[in-house]
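Residue numbers (the working numbering), protein chains in the order written: chain A, 1 to 372; chain B, 1001 to 1430.
Derived from the structure by calculation, the hints contain no laboratory data. Any given hint could turn out to be false.
Stated by the list, open to error - For lysine-lysine, the following DSSO-like pairs were computed, each having C-alpha atoms within a straight-line distance of at most 30 Å:
1) B/Lys-1253 x B/Lys-1162
2) B/Lys-1290 x A/Lys-361
3) A/Lys-244 x A/Lys-164
4) A/Lys-361 x B/Lys-1261
5) B/Lys-1253 x A/Lys-361
6) A/Lys-361 x A/Lys-247
This one's a predicted model, so the numbers in the text were calculated from it and none came from an experiment.
Now for the letters of each chain:
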Amino acid sequence: MSQSSVSVFDRGTRLLREQPGAAVLWLIAVWLLLDLVLGLASGRIAVSRVATYTWDGITLGLVLGLAGVGLSMTYSILNFANFAHGDYITAGAFSGWSTTYLLSGLGSNASIGSLILVGAGGTVFAGDLGINVAAQPLAIILGLVVAAVVTVLLSLGMDRVVFKPLRNEEGITLLIASIGIALTVRYLIVFVFQQSTRGVTANVPGWKVHIVDGVLNVSYHEATLFIVSVALMLGVHFVLQSTKLGKAMRAMADNKDLAQVTGIPTERVVRATWIIGGALTGASGYLIALERGTLGYNLGWLLLLLIFAAVILGGIGSIYGAIGGGLVIGLASKVSLIWLPEASFARPAAFLIMILILIYKPSGLFSGRSTA
Amino acid sequence: MTARETLEGIFDNDLKLVVGFMATLWVVYFVLGAVLGYDVNGIANALRGLTFWAAVYALCVLALNLHWGYAGLFNIGVAGFMAVGAYTMAIAVNPVNPTSSGAIPGFGLPLPVGIVIGMIAAAIVGLIAALPALRLRADYLAIVTIGISEIIRLSFKSVTLKEFTVLGKTFGTGGGSGLVIDNNPASFINDFLPAPSGLPVTQSVIEGWIYAIALLGFVALFYWTLARVGNSPFGRVLRAIREDEDAASSLGKNTPRFKVKAFMLGCALMGLAGMLWQASQGFVNPGTFKPELTFYIWIALIIGGAGSNTGSVLGGLLFAGVLFQGPLYVKNVVEKALNISGNPESLIAALQGPIEFLAYTLNNMGAIRFIFTGVVLIWLMQNRPEGLLGHRKEPAAAIPILGTQREQGADAVQADSIPDDAGSSGGDEQ
């Protein structure tokens, strides 16, 4: 007991000496935590408010984690930050919702064209189609599948056309090319689906969970997001644990040339990476639109920096890190609302955490390259 | 024969290249305006717009070239530093007791003072960003800078900072609705040089032209500054750092300090560009400083060629005149030539026939030009990553080391900050 407290003290003083900035940050974090505990104990901060922020943070965090897995894997294996990742999310979401609209509106008097375009120009409204997971479970599930499949095809296609000829270039060249893809994909979506942000779900029932001093609302869509994301994450975990793929990915992330001379089919590993990452990315785009009930061409782009934050926090290359980082960023950007004067500071707060992690612990909180 | 050699064959030095290119754009826009049936005022206004956009992009690209082309610092937070410059200037010069209701009070300082304060503020934000971040890998620096630029933009947008009081002094960023800046660089120059009367164009077009010409002067000033910096011992150390930081450091150069200085200078110039561009419109709001703005400047730099100041100016002209403004003219010309006036409400309606599709495409020219820009960026990365005039290899030494280079090197130093000729022929031997 006394021994461990001494070592904690030693580590503390060493931190203070070597990285005073990091020590200050730790003090701030501890102070905020104490403030939260005291606030909850004294009733200054409502328990139900914290519960609502926590639940919002978890749903956002799961989406960030799900989308982050793909970004993290391509970052470590192909060694570049893919700025097109956000627009893959948007592309997945639009393709999936196009399918859902088509399936739920087939019997109605809405034209097929406007259904495919997800009601572009205010021609069809989700409320009229009655889209929610309780009324149209099949349309939602098929939409989710199509979102995953289309995003896989898009990321494989872009890899083939854009990234493959640049395989031996520096990361910065690939990064700039990915900005080109981001612009192209985003504005192709604008060209096809138009610029307006539309509502995509009808009113959805939910549960009211009574907590000490209030109510936590959990909608069916939030529950769907939670269940599907956790299931997909477990699925990826099992796929990478029970196959050689995970090991091959780790090898490639550490040293590509060495992996190649040891007989690892590097191009096939790259393809597998895009497939797994693309599927999760498309699904995450579909799910975040389901949970928020709105869809616009900027959806993924606005999430991208948060996803980068999650991936960096978790340590680039680690899929568990991406998931963990996603949850931390999701929770941080929602729970921080307890202290922040207004909601619009939530995103800056998350970016600040990302920058601080990059500066003080660039290998991430769950550091190390451990794909799978 | 490469495209660059061809270009150099036509124009034997950089100034002629830039002037020739600008003149070509003016002629093309003049012809397009005439085809569209614009009157004298309309054509003058179109050429003014072209000059303005070309100049502001050239300013931003030159500043970015100091970061990426000289020092190899991958900054994708350009929009944020521009926002700091423009907003700080606005807050500094806006009147203490605004006459219009709802206007946010400022400090009422004279404009030149405001501009200096704005540049200092942008440099200080650059310092804060650079001190810890320059140790990082290029891609991490990229993420840090874009993060900072978004933090700046979202903070300016917040209600909390809209109007607040510190030590009895009330000021603010105006939140999402932005700030009106009546006292701005454009109004300053127009007060200084009043527009002559009696010309066949409106007062506002003449004033716009005067400001656009002043901007061209600023482009020359930026170019001269960067040429001086680039050819100084400081600039040579920067280029040495870009090529091999460890080697530069082993020669006793304090590389972090050089990088921080270069970063701050570039940020100050970006801040100035923000004042000359956005603030000169008489109004700033956070929506102007989205990351897209940074990407446009990057695309312009990559088109022109990182590392070359002439290339930077050329890239700015090309991006503004051809990629950014060009499609809108093409739209007008095609609409007029084919007499298209339809407006299909969606892509499905547009698929009914070629005319409908064309009309839909023309109406969505805003999106098309970004698709086109993205494709150009990818194409450049795959086929010509060094851009039109860029090259990452040029002598770092002030005097030519190899005898064969002596003549070329001496000429080139006079011609441009970055000796283009010596770079292409002797670079491999460095």
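*asked:* Can you confirm whether the C-alpha distance between B/Lys-1253 and B/Lys-1162 stays at or below 30 Å?
replied: Violated - the C-alpha atoms of B/Lys-1162 and B/Lys-1253 are around 44 Å apart, more than 30 Å.
*Does B/Lys-1290 pair with A/Lys-361 here, judged by a C-alpha cut-off of 30 Å?*
28 Å, holds
*For the pair we were handed, A/Lys-244 and A/Lys-164, check the Cα-Cα distance against 30 Å.*
23 Å, holds
_Given hint B/Lys-1261 paired with A/Lys-361 - CA-CA distance at most 30 Å_ = With a Cα-Cα distance of about 25 Å, the restraint between A/Lys-361 and B/Lys-1261 holds, given a limit of 30 Å.
*Within a Cα-Cα threshold of 30 Å, do A/Lys-361 and A/Lys-247 meet the stated pairing?*
OK: A/Lys-361 and A/Lys-247 at ~25 Å, within 30 Å.
*For the pair we were handed, B/Lys-1253 and A/Lys-361, check the Cα-Cα distance against 30 Å.*
27 Å, holds
In the structure shown, a violation is registered for the earlier hint numbered 1 alone.
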